[in-house]
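Undergrad: Each chain is listed here by its residues.
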Amino acid sequence: MKKRLLPPVFKMVGIAIILLSLIILFLARALNIVFIRDIISHDKELFSQIGRSVFFTGFLFILLAREKVEDEFADFCRLTAFRITFVTGLIAVILNSIPILNNKNIDNSYHFLLIECIFYIIFFYATKKGLIRYEK
Amino acid sequence: MKNNLRYYREEKKLTQEELAKMAGVSRQSIISIEKGHYIPTSLLALKLSVVLKIKTEDLFILETKDWK
Numbered sequence: 001m002k003k004r005l006l007p008p009v010f011k012m013v014g015i016a017i018i019l020l021s022l023i024i025l026f027l028a029r030a031l032n033i034v035f036i037r038d039i040i041s042h043d044k045e046l047f048s049q050i051g052r053s054v055f056f057t058g059f060l061f062i063l064l065a066r067e068k069v070e071d072e073f074a075d076f077c078r079l080t081a082f083r084i085t086f087v088t089g090l091i092a093v094i095l096n097s098i099p100i101l102n103n104k105n106i107d108n109s110y111h112f113l114l115i116e117c118i119f120y121i122i123f124f125y126a127t128k129k130g131l132i133r134y135e136k
Numbered sequence: 137m138k139n140n141l142r143y144y145r146e147e148k149k150l151t152q153e154e155l156a157k158m159a160g161v162s163r164q165s166i167i168s169i170e171k172g173h174y175i176p177t178s179l180l181a182l183k184l185s186v187v188l189k190i191k192t193e194d195l196f197i198l199e200t201k202d203w204k
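Protein chains in written order, with the numbering used here: chain A, 1 to 136; chain B, 137 to 204.
Isolated chain B (complex conformation) (with noise of 0.2 Å):
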C-alpha cells in the first residue's frame, strides 16, 4: 500500500511530532507509516484523514500487489 502521508503534512506545514499529537499516537509510529514500514488500522487511517482533511483514499491508496 501506498501513502501521501509525507506528501500531506507537509502541505499543511505540520512536523511528524506535531502530526502524532494531533492524531494521539507517538513520532515513531508516523515515522514508520511514512517510510512504509508499518501499514495503520483503519480507525488511525481515518483519524490521519481527519487530522489532514484529506480523503482517506487519497492519504492510503492500494496498489495492484495488494491485491494478490
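Just chain A, with the same shape it has in the complex (with noise of 0.2 Å):
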C-alpha cells in the first residue's frame, strides 16, 4: 500500500517553523521589538492565532513526514505512538471532567493540541530508540 506521506526534508521544515515561530514571539517579548509588538497590540488575537497556526502547521509537517527510510518499523513506531498519544488524551479529557482535578491549563484545545503533539513525538522517538519494548 501507498503510504501517503511528506518527503523527509519536510521534518526539518516543520522544525524550522515551530523554531521561528517560537523566536519571534521570544524576541517580541524579551526585546521588546517595536515592529512586532505593534503587530500583536494593534490585533492580538489574530496575531495569536496565526501564530498558533504556524505553529501547529509546524507540528503538522513533522508528524507527516516519513522517515529517511521509510520501512514497517518506522510505521510501528507511528502507530505505537499515535495508540499511546490517544489513549493519554482520552485519559486527561476523563480526569478534566472530574470537578476536583480541573486542570485549567488544558482547558483550552490549543494547550491540549499542544501537549498531544509533544507527547506524540516522545513517543514516538522513545518507540525508535527501544525505550518502549513490543510485549507480546
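If you're looking for bench data, these hints aren't it; they were derived computationally from the structure. For clarity, every value in this text was computed on a predicted model and none was experimentally measured. For each residue, glycine too, the CB sits at the ideal point set by N, CA and C. It cannot be assumed that every hint is accurate.
[As the list claims (entries may be wrong)] Below, in silico cross-link-like pairs of lysine-lysine (DSS-like), each with a Cα-Cα straight-line distance of 30 Å or less:
(1) B:K183 <-> A:K68
(2) A:K129 <-> B:K191
(3) A:K129 <-> B:K149
(4) A:K2 <-> B:K157
(5) B:K189 <-> A:K129
(6) B:K148 <-> A:K129
[Stated by the list, open to error] Covered stretches of chain A, as calculated for chain B (at least 3 residues, CB under 8 Å):
(7) 60-69
(8) 72-81
Two chains, two separate frames, one set of hints: put the complex together.
TA: So, in C-alpha cells, the structure goes:
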C-alpha cells in the first residue's frame, strides 16, 4: 500500500517553522521589538491565531514527514506513538472532567493539542530508540 | 520470540548497516529486532532469512511463552 506521507525534508521544515515562530514570539516579548509589538498590540487575537496556526503547521509537517528509510518499523513506531497519544489524550479529558482535578491549563484546546503533539513526538522517538518495547 | 539475528549476522561478517541495506530497512530496525524490542512481520523475517541464507525457523524461534 502506498503511504501518503510528506518527503523527509518536511521534518526539518517543520522544526524550522516551530523554532522561527518561537523565536519571533520570544524576541517580541524579551527584546521589546517595536515593529512586532505594534502588530501584536494592533490585533492581538488575530496575531495569536496566526502564530498558533503556523506553530501547529510545523508540528503537522513533523508528524506527516516520512523517515529517511521508511520501513515497517517506522510504521510500528508511528502507530505505537499514535495509540499511546490517543489513550493519554482520552485519560487527560476524563481526568479534566472530574471537578476536583479540573486543570485550567488544558481547558484551552490549543494547549491540549500542543501537549498531544509533544507526547506524540516523545513516544515516537522513545519507541524508535527501544525505550518502549513490544510486549506480547 | 527469540531470535538469532545477531549471531548469524556476525557469522556472515555483516554490519548492522550492511544487513539493513540488503534487507531494505533502517539500521534502527535491525538494532530493535536484535535486542528483541521489535518482532518483525513475516515479510521482513523472510527477507532477512533470504539475505542471510538461513531458514526462517532457525532465525526466529518460538518460545513456550509465545503459546500462552
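Undergrad: Indicate, hint by hint, whether the structure satisfies it.
TA: Now for the hints, and whether the structure bears them out:
no. : hint              : verdict
1   : B:K183 <-> A:K68  : holds, 20 Å
2   : A:K129 <-> B:K191 : holds, 28 Å
3   : A:K129 <-> B:K149 : holds, 24 Å
4   : A:K2 <-> B:K157   : holds, 21 Å
5   : B:K189 <-> A:K129 : holds, 28 Å
6   : B:K148 <-> A:K129 : holds, 25 Å
7   : 60-69             : holds (count 3)
8   : 72-81             : holds (count 4)
Checked against the numbered hints given earlier, the structure satisfies every one of them.
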